[in-house]
Each structure stands twice: as structure tokens, then as C-alpha cells.
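*Asks:* Now for the letters of each chain:
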Amino acid sequence: MTVGSKVKQTLASLKGIKSTLEVYALQTQDDETSGIYRDSLNIINEVMDDLEKRVQTLEFEEPQYRGL
Amino acid sequence: MKDWLIILLRSISLFFLTLAVIRIIGKRQPSRMNPFNFANYMVIAVIAALISVNVINLVFGLIALAVWVITPIALDYLAVKSKWVHDLINGKPTILIKDGKVMEENLIQVRYTGEELLRELRSKNAFNLADVEFAIMETTGDISVLMKSAKKPVTPYDLGRKVSPQPEPETVILDGNILNEPLANLGLNQDWLKVQLENMGVSPDNVFIGQVDGSGNLYIDLFDDALQVPIPKVKELIYANLEKCQADLIAFALDTKDPQMKEIYVNDANKIGKVKGKLEPYLLR
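Top to bottom, those sequences are chains R and D.
For the first sequence, our numbering begins at 1 and goes up steadily by one.
For the second sequence, our numbering begins at 1 and goes up steadily by one.
No lab work stands behind these hints: they were computed from the structure.
Hints may be right or wrong, so weigh each one.
As the list claims (entries may be wrong) - When the alpha-carbon atoms are kept at most 16 Å apart in a straight line, the in silico EDC-like pairs for lysine to aspartate or glutamate are as follows:
| id | chain 1 | residue 1 | chain 2 | residue 2 |
| --- | --- | --- | --- | --- |
| 1 | R | K15 | D | D131 |
| 2 | D | K271 | R | D39 |
| 3 | R | K6 | R | E52 |
| 4 | D | K235 | D | E280 |
| 5 | D | K162 | R | E32 |
| 6 | R | K8 | R | D49 |
| 7 | D | K101 | D | D131 |
| 8 | D | K278 | R | D39 |
| 9 | D | K271 | R | E32 |
| 10 | D | K235 | R | E22 |
| 11 | D | K271 | R | E46 |
| 12 | R | K18 | D | E243 |
| 13 | R | K53 | D | D258 |
As the list claims (entries may be wrong) - Label-pair ranges, simulated between beta-carbon atoms:
| id | chain 1 | residue 1 | chain 2 | residue 2 | range |
| --- | --- | --- | --- | --- | --- |
| 14 | R | E32 | D | F15 | 32 to 38 Å |
| 15 | R | V3 | D | Q166 | 38 to 44 Å |
| 16 | D | L118 | R | V23 | 50 to 56 Å |
| 17 | R | E32 | D | D224 | 37 to 43 Å |
| 18 | D | A150 | R | V3 | 52 to 58 Å |
| 19 | R | S34 | D | K262 | 32 to 38 Å |
| 20 | D | S144 | R | G35 | 33 to 39 Å |
Positions of the beta carbon are idealized from the N, C-alpha and C atoms, including for glycine.
All chains should be modelled from the sequences, with the hints used to inform the complete structure.
*Replies:* The structure is reproduced here in C-alpha cells:
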């Protein structure tokens, strides 16, 4: 596996976590809990942005591994 | 009119009258009543019985019944308004053990022997007198026991652990019927429930009890106990995935040659670690 595809894999699992957490943030009745879910979502978003940028760089460096 | 007819009619009407009266007086459980409440109920019961078998005159009986019903209601009302009246009617709780020492005078006052005190303490799981910090006899005759702080059950607070608030679960399926009101309380609807059941591979009429907890997980008990139902483990899974992502990020940081990128990876791994710590009480407990 290339570095690029590994990073993409991590990015995908982060996306999965994010979507499930979003569901929990919406489902929970407690304001504090939903606030904590939201904070976590923001941080995960930051990490995802970094990884997305990294994927772009890697694809630029190794165009043969572009795409899925 | 014949005697038996009179007794029949009186009994039937008094049956419902007594039922109504007991409902009006209140919801007190027999075990929570103080001795006076108990005597009061007894008097009402006896008067009702005497009227119904025609031992006492109907009018006299009803007057007596009215007094024994209205006075306690009035006193209860006054007791809510005034502490003095409340103490007069209900009495005050008596301290039996204070600072770990038995108050012998108070014990005599409530006519309790040491044996009986120990029995009551045992029933509260205090087998050792040395473990008891404080014990008080409530006005109902119950004994409430406060254990020494070292002997109290451990709570998450004692362990310095944060736990997520767990709202009460709502029962959404009972006997195969979907209950709409509890579902609406959670902000969910029948479609959501049907999707969840479909995911589990279960039809709604096979479900005996279905409960949704505060975080929206569905737990079901089936009529057919041979069927294995998956227990929701989504939260544990998210936590494990977060751990995996953190490990991945650290691996990337080790792999990359670019120092700037390395720093970003380490930073991100730390961020995920922080999220993990934040979510742990909610996902795992």
C-alpha cells in the first residue's frame, strides 16, 4: 500500500466517525453532551482538513496513484 | 324494604364511597404511614363496615365518617402550610446514632432495645455498628442509616471519573405494539424504529419489549428467545476507530521525511488523543 492510500484510508475512517458522532450529537437530549460531541466534531474536522491537504500533496507528487 | 336489600344497597354504595374517600385522602403507602394515619384508616374502615351491616344509623355513621375523612385532609393541608402543625401531627424524626455513638436516651424514648436497633441496622446492610456514622428513626418508624464515608459504596465521583448523564430509557415497543408517545419524547418516529429493526433483522411483532436509551440505542427483547439479537456496540466501535486513527497518524509522522509534515501529523495525533479523552465518558461509560 502506498502512503497516499494509507492516508486516504485514515481519512475515510475519520469521516465514518464524524458522521456517527453527528448522529449522536443530534440524538442526545442533554445539552452538555451534545456540546461535547460538537466540540469533538470540530477538532476532527481540523484533522480531516490537514489530511485532505496532505492527500492533495501526495497525489501531486505521485500522480500515478491518483483516485481511489 | 327487606333487610337484606337495605344491606345490599348500603354495602354497594359504601364500597364506592370508601374507595373514593381513600383515594381523596392520598397516595400514602401503608409502609410510609405514621401510626396516626394508620389508626385513621382503621377508624374509617370500621365505621364503613358498621354502617354497611346496619349496626349504626346511616346518618350518624356518615357524620362520623365525614369527620374522620375531612379532619385528616384539613390537617394534612395545614401541615403543608405550617412546620409547627406538621411536627405536631407527624412528630419529629429521632436520632438514634450520632457520630457513630448510640444515643441511649433517644432509644428509650422510641422504646427500642439494642437488639431491635441492630436488627434494623442489619436490614440496612450495616452489620457492623462501627461502620455507622448516623442513624435516624423517621416519623414512619423506618430507620435511615448513613454509613461512615470510608464504608460507603464507591461512586464515579470518588474515583475522579467523569461519567455521561444517562437519561431514563423510553419503552417504545410493548407486546409487539409500537408506542408513539415515548418515541415522540425522544424526537424519533416509527420510520426510525422500523429502520433500526430492519437493521437487526427483526419484525416489529416479534418484539416483546423495546427500549431506547438516552443516546438513541435500541435494545429489544424478542418473543422468540432462540434468535440472537446484536447488542448495540456502535459507541465502542467509534472509540476503537478513534484509537486506530491516532495510531495511524503517529505512524505517518514516523514515516514522513518532511519535518513540517511530521509536526502536523504529531499535532493531529494529539488532537485525536484529546477528542478521545473528551469522548471516553460518553462512549465507553
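*Asks:* It remains to establish, for every hint, whether it holds in the given structure.
*Replies:* Outcome of the hint check:
Among the hinted pairs, R/K15 with D/D131 is inconsistent with the structure: their alpha-carbon atoms are about 53 Å apart, more than 16 Å. At most 16 Å may separate the alpha-carbon atoms for a hinted pair to count; D/K271 and R/D39 meet this at roughly 11 Å. With a CA separation close to 12 Å, the supplied pair R/K6 and R/E52 stays within the 16 Å bound. Restraint check: the Cα-Cα separation between D/K235 and D/E280 comes to about 10 Å, which is no more than 16 Å; the hinted pair holds.
Between D/K162 and R/E32 the alpha-carbon distance is near 13 Å, which keeps this suggested pair within the 16 Å criterion. Between R/K8 and R/D49 the CA atoms are separated by roughly 12 Å; this keeps the pair inside 16 Å, and the hint holds. Among the hinted pairs, D/K101 with D/D131 is consistent with the structure: their alpha-carbon atoms are about 11 Å apart, no more than 16 Å. The hinted pair formed by D/K278 and R/D39 meets the criterion: a straight-line CA distance of about 9 Å does not exceed 16 Å.
For the suggested pair D/K271 and R/E32, the alpha carbons sit about 20 Å apart, so the restraint of at most 16 Å is broken. For a cut-off of 16 Å, the pair hint linking D/K235 to R/E22 stands: about 12 Å separates their Cα positions. Note on D/K271 and R/E46: the hinted pairing holds, with a Cα-Cα distance of about 9 Å set against a maximum of 16 Å. Restraint check for R/K18 and D/E243: the C-alpha separation of about 14 Å stays at or below 16 Å, so the hint holds.
Distance hint between R/K53 and D/D258 is fulfilled; the C-alpha atoms sit about 14 Å from each other, no more than 16 Å. Hint check: R/E32 to D/F15, Cβ distance near 53 Å, so the stated range 32 to 38 Å is violated. The hinted window of 38 to 44 Å between R/V3 and D/Q166 holds, with their beta carbons roughly 43 Å apart. Restraint check, D/L118 to R/V23: a C-beta distance of roughly 54 Å satisfies the suggested window 50 to 56 Å.
Restraint check, R/E32 to D/D224: a C-beta distance of roughly 40 Å satisfies the suggested window 37 to 43 Å. Checked against the hint of 52 to 58 Å, the pair D/A150 and R/V3 passes, with Cβ atoms roughly 56 Å apart. Take R/S34 and D/K262: their Cβ atoms lie about 35 Å apart, and the range 32 to 38 Å holds. Hint check: D/S144 to R/G35, Cβ distance near 37 Å, so the stated range 33 to 39 Å holds.
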